[in-house]
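Protein sequence lines, in the order shown, are assigned to chains A and B.
Counting from 366, one number per residue, gives the positions in the first sequence under my numbering.
Counting from 1234, one number per residue, gives the positions in the second sequence under my numbering.
Simulated from the structure, these hints should not be mistaken for laboratory data.
A few of these clues could be false.
Under the rule of at most 30 Å between Cα atoms (straight-line distance), these lysine-lysine pairs were calculated in the DSS-like manner [stated by the list, open to error]:
{"no.": "1", "chain 1": "A", "residue 1": "K502", "chain 2": "A", "residue 2": "K525"}
{"no.": "2", "chain 1": "B", "residue 1": "K1422", "chain 2": "B", "residue 2": "K1580"}
{"no.": "3", "chain 1": "A", "residue 1": "K396", "chain 2": "B", "residue 2": "K1611"}
{"no.": "4", "chain 1": "A", "residue 1": "K435", "chain 2": "A", "residue 2": "K502"}
{"no.": "5", "chain 1": "B", "residue 1": "K1460", "chain 2": "B", "residue 2": "K1578"}
{"no.": "6", "chain 1": "A", "residue 1": "K435", "chain 2": "B", "residue 2": "K1682"}
{"no.": "7", "chain 1": "A", "residue 1": "K435", "chain 2": "B", "residue 2": "K1611"}
{"no.": "8", "chain 1": "B", "residue 1": "K1498", "chain 2": "B", "residue 2": "K1428"}
{"no.": "9", "chain 1": "B", "residue 1": "K1682", "chain 2": "A", "residue 2": "K396"}
{"no.": "10", "chain 1": "B", "residue 1": "K1455", "chain 2": "A", "residue 2": "K448"}
{"no.": "11", "chain 1": "B", "residue 1": "K1638", "chain 2": "B", "residue 2": "K1455"}
{"no.": "12", "chain 1": "A", "residue 1": "K435", "chain 2": "B", "residue 2": "K1512"}
{"no.": "13", "chain 1": "A", "residue 1": "K448", "chain 2": "B", "residue 2": "K1637"}
{"no.": "14", "chain 1": "B", "residue 1": "K1722", "chain 2": "B", "residue 2": "K1678"}
{"no.": "15", "chain 1": "A", "residue 1": "K526", "chain 2": "B", "residue 2": "K1422"}
{"no.": "16", "chain 1": "B", "residue 1": "K1611", "chain 2": "A", "residue 2": "K448"}
{"no.": "17", "chain 1": "A", "residue 1": "K425", "chain 2": "B", "residue 2": "K1642"}
{"no.": "18", "chain 1": "B", "residue 1": "K1722", "chain 2": "B", "residue 2": "K1512"}
{"no.": "19", "chain 1": "A", "residue 1": "K388", "chain 2": "B", "residue 2": "K1697"}
{"no.": "20", "chain 1": "B", "residue 1": "K1460", "chain 2": "B", "residue 2": "K1678"}
{"no.": "21", "chain 1": "A", "residue 1": "K526", "chain 2": "B", "residue 2": "K1428"}
{"no.": "22", "chain 1": "A", "residue 1": "K425", "chain 2": "A", "residue 2": "K396"}
{"no.": "23", "chain 1": "A", "residue 1": "K388", "chain 2": "A", "residue 2": "K485"}
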Amino acid sequence: MKRIALTIVATFLMSMVFAQNAKMPDNITLKTLDGRTVESSVIQNDGKPIIVSFWATWCKPCNRELNTIKEVYEDWQAETGVKLVAISIDDARSASRVKPHVDGNGWEYEVYIDQNQDFKRAMNVVNVPHTFIINGKGEIVWQHTSFVEGSEEELIELVKKVAKGEEI
Amino acid sequence: MKKLIKLFAVALLLLNFQFPISNIKAQGILGGHVTGNIQFDGQISRQDSVIGASDVPEKFLSNTRADILYTNGDFSAGLRFEAYLNPLLGFNSQYTGQGIANYFVSYKTQDFAITAGHFYEQFGNGMTLRAYEDRYLGLDNAIRGLNVMYHPWKGVTLKGVIGQQRYYWDTRGMVRGIDAEVTLNDIIKRWNESKTRLTLGGSFVSKYEEDETVLSDINGYKLNLPKNVGATSVRMDLSHGGFGLQAEYAYKGQDPTVINDYIYKSGNAAWISASYSQKGMSANIQAKRVDNMGFKSVRSEGGEMLYINYTPAISKQHTYAFLSMYPYATQVTGELGLQGDFMYKFKKETLLGGKYGTDLHINASLITGLDTTRIGGKGTDGYTSTLFGTGDTYYGDVSVEIAKKLSAKLKLTATYGYVVFNPIVGGHGGDLHHNHVAIADLTWKINRKNVLRFEAEWMGSDSKYDPEDDDKRAGDWIMGLVEYNFTSKWFVSVSDQYAYQDGVGNYYNISVGYTQKATRLQLGYGKQREGIICIGGVCRQVPASNGLTFSLTTSF
């Protein structure tokens, strides 16, 4: 009896050991900048890599990250086909400022608002900024918290590998 | 029986090999994924009455938290372990202890979701209901119960909740609520492609609590306390291209509680936000009026816990030390607020834009009390208020921020701010504080791997430190910070805040951090003021402390 229980537990543990990259959840409710309700399954890029960046209007390093990438975003897109999706965790205090903030900064990213922070919890984000690379199969292949100037160059090197289907 | 179990185990094993785990769609019983995050914060604290770090007999304080999330297709389940041995400074001592603080199972498809256990939820802007957490503030009012969401048609969302609220290691109160939201463009065919988008919503939330004995101020009789109290709200979100208009109005029935001193006046809150934006330019204006809108599930609870609703401050959340020295929190008993934001990007190769362009950000806000006339104390309607009349000034600020890339390697952000703060809001006495703040924030990217950041701040105030009142923010202050980052992995930062006139305190701090992917380790020594700290590329809220701090976070 005990042995059977052990076998089951061991199998379960093995399955965890062999478990590969988790998929990005596709059933989390988000809001678009024009107030529509959508599911996180809208985050798609035709099999090409996606950068998912959690940020907030009040977070300086987040703004530095998104502003820094803005300057090279066109080149990145041309080279790798990558798409950046920015997830705002602003709550009711600042959520209505997200669209003005995005436009005012001239960001051309796809932006969603995660006001109830369901997506933040589902993706295990503790602090912002927190950046993920999602491969063409929708799997989370890399994540990083914090931003300093220069990190964007590491990020694109990784995206290039992911775009080629290489392991990182 | 034994045979059956054996068979079951073999079947499981086979299933597991049959359907590789990496394939989440396999939906095998053992398939799915486990993810999570762990956070540990520790302090070896020394008492420092000057900065408000209290005596710590146990010498070492720590908060630990681990979230484990299991996901398998549409099914997910989670557990959270928390330990406060003993809680960090700034956290309520009632957190002391350890155990499973949060657990849930959830099934969610595109149209339907059901969660049993602990959940977080928000109706509209949260004016009637918002169950949320802020782990750094020690706030968690998760509801434990049942949460259901359903989209009967595209563009229509219905939600229902019932449960009790978390109260440290216990649950209290009883909360029931429903919410409906309709995006008209999705249900009216003619409007499908319209540039004008309109979403309407409404909610009703009620709490139930047993009777208790509270005596009236008028005649000393026991008050007839309502057992059920309801709150309702309506809201809209209208957008047309770059224009946006959002508004919400909430009303609450008679709700005598300790936070309004057991008066029978009904409560209400109104909020409106209008904005216009185009690429490189935006303007936003918000107004809010809150009148007796504190809504808690337990009427005798005076602290931070058990709020059912959320009425956020509309002032801008500043993150530089001296601008955020006076964090404003909504006075739920009554306030009137106005806030404006303006952003403009001077284009490259223009007079003000220079080679790389220049960003300008202006913000202003003013929050005052209501114009009220007192009627009486416990058991009466309390007071009357005029609609637009203003009372005492609570908070006001104006800030101008200019961000400019000076060269390929240098970026400068210069900020000027003027802050008016009423010490009453922070529980202190005395006159209004009027502060001028100037900040320079310079980032020097030496090369791809080495980045230096300098921050200099100055605050000139008309306030003076008064030992009796003990408001540690009073006086004139200067601050310097140097931060060195080696790749995205290492950072060292040294900072000092010093009251050079009319104040007390010298907050020196040195921090070292290491980040590897989603794991971050940080060690700090020195004195820290309570507030938001943004160093080493992340922002987080910290309590007042003196001594050694250690922090580890990881996500997997």
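Hint by hint, here is what the structure shows:
1. A:K502 <-> A:K525: holds, 15 Å
2. B:K1422 <-> B:K1580: violated, 41 Å
3. A:K396 <-> B:K1611: violated, 43 Å
4. A:K435 <-> A:K502: Measuring from Cα to Cα gives roughly 25 Å; hence the hint holds.
5. B:K1460 <-> B:K1578: violated, 54 Å
6. A:K435 <-> B:K1682: Satisfied, since the Cα-Cα distance of roughly 20 Å is no more than 30 Å.
7. A:K435 <-> B:K1611: Violated - the C-alpha atoms of K1611 (chain B) and K435 (chain A) are around 58 Å apart, more than 30 Å.
8. B:K1498 <-> B:K1428: Violated. K1498 (chain B) to K1428 (chain B) sits at ~42 Å, over the 30 Å cutoff.
9. B:K1682 <-> A:K396: With Cα atoms ~37 Å apart, K1682 (chain B) and K396 (chain A) exceed 30 Å; violated.
10. B:K1455 <-> A:K448: violated, 64 Å
11. B:K1638 <-> B:K1455: violated, 67 Å
12. A:K435 <-> B:K1512: holds, 13 Å
13. A:K448 <-> B:K1637: holds, 26 Å
14. B:K1722 <-> B:K1678: holds, 15 Å
15. A:K526 <-> B:K1422: violated, 44 Å
16. B:K1611 <-> A:K448: violated, 59 Å
17. A:K425 <-> B:K1642: holds, 18 Å
18. B:K1722 <-> B:K1512: With Cα atoms ~34 Å apart, K1722 (chain B) and K1512 (chain B) exceed 30 Å; violated.
19. A:K388 <-> B:K1697: With a Cα-Cα distance of about 56 Å, the restraint between K388 (chain A) and K1697 (chain B) is violated, given a limit of 30 Å.
20. B:K1460 <-> B:K1678: violated, 62 Å
21. A:K526 <-> B:K1428: violated, 39 Å
22. A:K425 <-> A:K396: Measuring from Cα to Cα gives roughly 23 Å; hence the hint holds.
23. A:K388 <-> A:K485: Measuring from Cα to Cα gives roughly 14 Å; hence the hint holds.
Consistency with the previously given hints fails for numbers 2, 3, 5, 7, 8, 9, 10, 11, 15, 16, 18, 19, 20, 21, ordered from lowest to highest.
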